[in-house]
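Those protein sequences? They're chains A and B, same order as listed.
In this text, residue positions in the first sequence follow our numbering: the first is 38, and each later residue adds one.
In this text, residue positions in the second sequence follow our numbering: the first is 1266, and each later residue adds one.
Hints should not be assumed to be uniformly reliable.
Residues from chain B shown here face chain A by an in silico Cβ test under 10 Å; the list is partial [to be verified]:
| no. | residue |
| --- | --- |
| 1 | Phe1361 |
| 2 | Gly1371 |
| 3 | Val1388 |
| 4 | Trp1543 |
| 5 | Leu1545 |
Residues of chain A clear of chain B, computed beta-carbon distances all greater than 10 Å [unchecked claim]:
| no. | residue |
| --- | --- |
| 6 | Pro122 |
| 7 | Leu134 |
| 8 | Ile139 |
| 9 | Ala143 |
| 10 | Pro159 |
| 11 | Leu191 |
| 12 | Glu197 |
| 13 | Arg206 |
| 14 | Gly249 |
| 15 | Val267 |
| 16 | Val279 |
| 17 | Phe290 |
| 18 | Lys292 |
| 19 | Val308 |
Keep in mind the hints are simulated off the structure, nothing from the lab.
Just so it is clear, CB atoms sit at the ideal spot from N, CA and C, and this is done for glycine as well.
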Amino acid sequence: MDFIITQLINSLVFGSLLFMMAAGLSLIFGLMNVVNVAHGSFFMVGAFTAYTIMQWSGNFWIALGVGWVPSVIVAVLIERFFIKPLYNRGHLDQVLLTFGFIYVLADITHYLWGPEIRNISPPETLSGVIEVAGAYIPRYRLFLVAFGGVVAALLWWFLERSRIGAMVRAGVDDAATAAGIGINVPLLFGCIFALGAGLAGLGGVVASPILGVYLGMDIEILIPAFIVVVVGGMGSLRGALVASILVAVVDTFGKAYFPDYALFMIYLLMVVVLLTRPHGLFGIARG
Amino acid sequence: MKFLRPAVFLALIALLGLAPLAGDYTLGIVAEILIYGIFAMSLGLLIGFTGLMSFGHAAFFGISTYTVIALGVHLGISGWWGMAAGICLSALAAAFVGLFCIRVSGIPFLMLTMAFSQLLFSVALKWRNVTGGTDGLTGFVRPTLFGMSLDDAVMRYAVVALGFVLVLGFLWLLVRSPLGSIFIGIRDNEQRMRAIGYPVQRFKFLAFTIAGTLAGVGGALYAFFNAFVSTDILHWALSGDAIIMVVLGGSATVFGPAVGAAIFLLLKNIVSSHNEYWMLWIGATFILSVMFLRQGVWGFLVGCAQSALGKLK
């Protein structure tokens, strides 16, 4: 029983990280049909920034507060100077473009921080373990689950209750009509791109104490995050949330019960979902 | 216009024939470029001529390499039989994967092809008895041709160059054939092709299988060239590199991806000899080419040549 609870918490931890990645990916696609495969790089930049801030200040909360900023800056530059001129091209061109940035950002990170694997310890108040129904769970992991929940709730509130959120939803539903009634869709898209990058960077910051900080973490989070988006349905926040948890549960329990086939599980999940529902669980068919 | 293609072909054959004069080191680099050229051209058939963005093409390249080397190392089977087996296995694998993947298009297609290649990657990682896992398989004995071992750099190069010319010729014939026109039709307007009455799915499946088989040719030659294989060959990064080669060289031409392979490998060689940041240079070159030279280097040159010839008339 305690084993199952431990795995369940681990699933929720991984699910929170995946959601922070997938929410941005999904909204960016929903709004402008842009598939940003460099999204994992924002995650990595966040983690490395958190490491540097921890070196300087030793305070995790400062890292949490501002660690996502460089990801947003990089994202704004990429969006403004590279993606914008390519709006009118097919979305495969944007895949190619952002694919190039995976290489560039990976090497810049390598240049700035070097190839070593780094570790960050969680803050004092969140270290140690708590007993939950017989299982000993690190406090930091529980914090992460709660953090993911708060982010999801805030994002939901932003999209469903705020004025800008309503514009975003209008843009996702039908960008041309939204533009026709006076919504500045390109500007909105720029903001959502930055928001998505910020969420990914924040994910990198909070993930660094449990995953470590290393080159290659960009792809390691990108692939499951993409699986989440594809399984959940592109452009659907609800899909991203449900699929994050689904993918995380399948991955975590797969690793626990079938360690030999751990790598297969989430790919298998994606293959099955795509073959039965090509647009994902909550996706809408697009022309 | 008409004599442009034969002229390129003859110039290429002359260049390939002269390459052995350049010494064994250069010859090794040329052979590597030709092998990756085959691989990139096979992917070009999918991306450029059928409009299918596959992100798992390394699977079919790698299956063939693994087959040749594993058969040779474990069972002592000659590389030539291994090559035949490897290409057949690549074709079978491509047909199997294609059966599933062609049901979707766009990003889901990209993700599905990647998923299948990652599945294969994890098989190679776990099935250590046969594949050697991350350590790879060593001890492959290269086959002989006319009594001469392919251990000799010139012999090895000759086989690779022959393979390259055959694949290039095949692809040139293919895209000019009625079948090639159907592929291009699917790329340009899938719905219209469907409306005319073409069974689009069947042709996508065919394109996917042909591309996988040709990648298998490249993979088998790579086994002769390298005589070693590890899981790196199935990694998604190789599929990504191949996409870069295709786009850099020009996806709308048959020969362009091979030019892209040459640029990619030369850039990697030159930059790596100065510092370790070759990914930065490749990435930046690639980004610029996507933004400003979407037809690719070769596509650009062909365009220039065509307009120059047009003026002459």
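Among the hints numbered above, which are violated by the structure, and what are their numbers in rising order? Violated: hints 1, 6, 7, 8, 9, 15 and 19.
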